[in-house]
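Undergrad: As a plain string of letters, each chain reads:
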Amino acid sequence: MSAALELARITCTFISRHDRSQRYTAVEETSLAVAPGEFVSVVGPTGCGKSTLLNLAAGLLAPSSGSVRVFGEPLRGINGRAGYLFQSEALMPWRNALQNVIAGLEFRGLDPAAAKAQGEDWLRRVGLGGFGDRYPHQLSGGMRKRVALAQTLILNPQILLMDEPFSALDVQTRQLMENELLELWSADRKSVLFITHDLEEAIALSDRVMVLSAGPASHPIGEYRIDLPRPRDVSEIRLSPRFVEIHAEIWHAMKHEVLKGYAQQRQ
Amino acid sequence: MRNSDSKLGLRLWQLGVLAGLFVAWHVLTVPGILPPFYFGDPNKAAFFFGEPLKVLGRIWNWFAGGDIYRHLWVTLMETMLAFFTGTVLGLLVGIWLALAPTAAAILDPYIKALNAMPRVILAPIFMVWFGLGMLSKVALGVTLVFFIVFFNVFQGVREVSPVVLANARMLGASKRQLLRHVYLPSAMSWVFASLHNSVGLAFVGAVVGEYLGSSEGVGYLILQAEGVFDINTVFAGIMVLTAFALALDWVVTLVEKRLMVWQPRSGETERI
Chain A
1 MSAALELARI
11 TCTFISRHDR
21 SQRYTAVEET
31 SLAVAPGEFV
41 SVVGPTGCGK
51 STLLNLAAGL
61 LAPSSGSVRV
71 FGEPLRGING
81 RAGYLFQSEA
91 LMPWRNALQN
101 VIAGLEFRGL
111 DPAAAKAQGE
121 DWLRRVGLGG
131 FGDRYPHQLS
141 GGMRKRVALA
151 QTLILNPQIL
161 LMDEPFSALD
171 VQTRQLMENE
181 LLELWSADRK
191 SVLFITHDLE
201 EAIALSDRVM
211 VLSAGPASHP
221 IGEYRIDLPR
231 PRDVSEIRLS
241 PRFVEIHAEI
251 WHAMKHEVLK
261 GYAQQRQ
Chain B
1001 MRNSDSKLGL
1011 RLWQLGVLAG
1021 LFVAWHVLTV
1031 PGILPPFYFG
1041 DPNKAAFFFG
1051 EPLKVLGRIW
1061 NWFAGGDIYR
1071 HLWVTLMETM
1081 LAFFTGTVLG
1091 LLVGIWLALA
1101 PTAAAILDPY
1111 IKALNAMPRV
1121 ILAPIFMVWF
1131 GLGMLSKVAL
1141 GVTLVFFIVF
1151 FNVFQGVREV
1161 SPVVLANARM
1171 LGASKRQLLR
1181 HVYLPSAMSW
1191 VFASLHNSVG
1201 LAFVGAVVGE
1211 YLGSSEGVGY
1221 LILQAEGVFD
1231 INTVFAGIMV
1241 LTAFALALDW
1251 VVTLVEKRLM
1261 VWQPRSGETE
1271 RI
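Just so you know, the sequences run in chain order A and B. Numbers 1 to 267, taken from our numbering, label the letters of the first sequence in order. Numbers 1001 to 1272, taken from our numbering, label the letters of the second sequence in order.
Treat the hints as calculated values from the structure; they're not laboratory data. No experiment lies behind these values; they were computed from the predicted model shown. Take these hints with a grain of salt, some might be off.
Claimed, not checked - Chain A residues, not near chain B, derived (Cβ > 10 Å throughout):
| hint | residue |
| --- | --- |
| 1 | Phe14 |
| 2 | Arg20 |
| 3 | Ala58 |
| 4 | Ala62 |
| 5 | Leu91 |
| 6 | Arg95 |
| 7 | Ala103 |
| 8 | Gly132 |
| 9 | Gln151 |
| 10 | Met177 |
| 11 | Leu228 |
| 12 | Ser240 |
| 13 | Pro241 |
| 14 | Lys260 |
As the list claims (entries may be wrong) - Below 27 Å or equal to it, Euclidean Cα-Cα: the simulated DSS-like pairs (lysine-lysine) are:
| hint | chain 1 | residue 1 | chain 2 | residue 2 |
| --- | --- | --- | --- | --- |
| 15 | B | Lys1007 | B | Lys1257 |
| 16 | A | Lys116 | B | Lys1257 |
| 17 | B | Lys1044 | B | Lys1054 |
| 18 | B | Lys1175 | A | Lys116 |
Where is the CB? At the ideal position from N, CA and C, for every residue including glycine.
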């Protein structure tokens, strides 16, 4: 069976719009595959091109070289089988929560009454029943993330792309959201590509963790299978001895890259 | 409770300022109240600045006698037509150019030139083209309104959050749907910010057009009165125009409040 998502020998070079000789290679010769139903995290120091990988998988960006395949087929244009959870605010501020959740159904031309019923059901599933008429600015950061999650999941994508979706939340809300994500995920096991700079989050959620080197021209420097039992509770699993062991192992490999990335940013 | 008290107090103060201005105007201009200290002739102050009671009397006669309605109707129609036409044109051209960067780059110097040009100067040309009727005034108003709305829409469309845009694309929006559900609502908030300005300018277009040559309208009334040095009627015309400009602005505010419910307003802190 072919991988749900496969990035093969991807290189992505950006050219400065003002000066064409200025180039920046974000990722170089990177390969990555997510099996159907697998939860894969990519961790790496800041500025290592993690989001670039996700935009490539989403079809928002075309690679300079290499190929992106979705269930065996080469990707052209937007990846219609994927849902994307963005790092920053992506809700349409002029739509209330319910209208935001059903936006994708509306774009697909679904009957409004049916869309509304589904939307309300999804709002309840993410714990926001009764908040449908609130506009994004009237919701807290955690609630907005839940709306965004419902907005993406209502379309039942086979692949879920997540770009540090919880990084802006406080620790408690974040752990709640992580547990909710795992619960929603375990219901129908979508393929997930999860980007984060938080190693603990990556280990707690994933089946597999990939570590990227510091940018520019970052590439994978290690891949670790996480053999922690499921179902997991993200706040409890952090205390298990096996978790600590895995964390130490990956951190040992990553530390050097993090310091390198930090040094580059300080220049 | 305290809030509504202070609001009432504020209104009272505002009315007080208005009353104070009228009293000062009255005292300074009506012949014989103050000794003539600036003009030698006691009637001169009234000649140059009018007398408030006579001005108010003139307004009263206009509305009670029904003379004004025809002129007011013409001026308001010109204003509204200029306002709507200019806004719709500005919206369409703004969205088009914002989404077509090549066309925008080609037209850029011309747009800047047209905007920099003192467009009131076009009034005589419009009169030659469209005659002395309403159309020439509407055309002048449109040139004034168009650029304000256009620049705001242009800016608004270009500043659509790239993340919101990418998200809508990932949710499956087609190009048409992006226009309808992302670009347009985003541009509308900028348009509304500009509508207060453009309503005022539509008024300017109508009145200046009438002033330069017409057979009806409030601008025409003012021009007639000026011809016979009837300063009281000029002031009466100005006041009526001001009142209606305020009313139009208030209507824009009402529409804005209805359509822009999604925008956070300062002081609104309901977050749960």
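Undergrad: List in ascending order the numbers of the hints, as given earlier, that are violated by the structure.
TA: The structure breaks hints 3, 5, 6, 7, 9; every other hint is satisfied.
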